[in-house]
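Q: Sequence:
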Amino acid sequence: MEQEDYLKRQIDQLGRVLGKILSDVLGFANKGQTSLGIDITNQTLKKELDINIQELIDIETDIFIKTLKSEKKFANNNLDQLAEILLLLADSSKQDKDKKNIYVKCLRIYEYLESVEKTYSFDRQMKIEKIKNVL
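Numbering-wise, the working numbering puts 6 at position 6 of the sequence shown, and it's gapless, one number per residue.
Hints listed in this document are in silico derivations from the structure and should not be mistaken for laboratory results. Hints may contain errors.
Unchecked claim - FRET-style restraints, in silico, Cβ to Cβ:
hint, residue 1, residue 2, range
1, 8, 32, 34 to 40 Å
2, 26, 132, 22 to 28 Å
3, 100, 9, 32 to 38 Å
4, 133, 26, 20 to 26 Å
5, 94, 12, 19 to 25 Å
6, 26, 100, 19 to 25 Å
7, 5, 30, 33 to 39 Å
8, 31, 117, 30 to 36 Å
Claimed, not checked - As a list, the in silico DSSO-like pairs of lysine-lysine whose alpha-carbon atoms are at most 30 Å apart:
hint, residue 1, residue 2
9, 118, 100
10, 94, 69
11, 99, 132
Note that the coordinates shown come from a computational prediction; the quantities given were computed from them, not determined experimentally. Ideal placement from N, C-alpha and C gives every residue a C-beta, glycine not left out.
Based on the provided sequences and hints, a complete structural model is requested.
A: Following this line, the structure appears as structure tokens:
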């Protein structure tokens, strides 16, 4: 019982961290300060989750979801938040190689969520189509 409570608290904390990052990235993107948003995102990810954007990008695509779920304890709602963050970063990235890799990771997350979630998400489907068109 205590183990379940601890795990739930960890997942909730992860959700709060990702929510703050998403809010920060959106704020900086709206102000045209994307590079500052990326820097703050990296700092927050490293501090809270011991990983940065480049390390996320470098995870092999075939084991990306498994790694996030097993090693970083991401729940599906956390994956959705991470995909939102990555999508914003990919949309504003100026480096084509990183942009493509980030889009691939986003697509992997969204397709995974599409396969396991019971509720259809029109928004998620639109993002999948957008990413596929970009790639």
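Q: Now tell me if each hint is right for this structure.
A: Do the hints match the structure? See the list:
no.	hint	in the structure
1	8 - 32: 34 to 40 Å	holds, 38 Å
2	26 - 132: 22 to 28 Å	holds, 23 Å
3	100 - 9: 32 to 38 Å	holds, 36 Å
4	133 - 26: 20 to 26 Å	holds, 22 Å
5	94 - 12: 19 to 25 Å	violated, 35 Å
6	26 - 100: 19 to 25 Å	holds, 22 Å
7	5 - 30: 33 to 39 Å	holds, 37 Å
8	31 - 117: 30 to 36 Å	holds, 33 Å
9	118 - 100	holds, 29 Å
10	94 - 69	holds, 29 Å
11	99 - 132	holds, 13 Å
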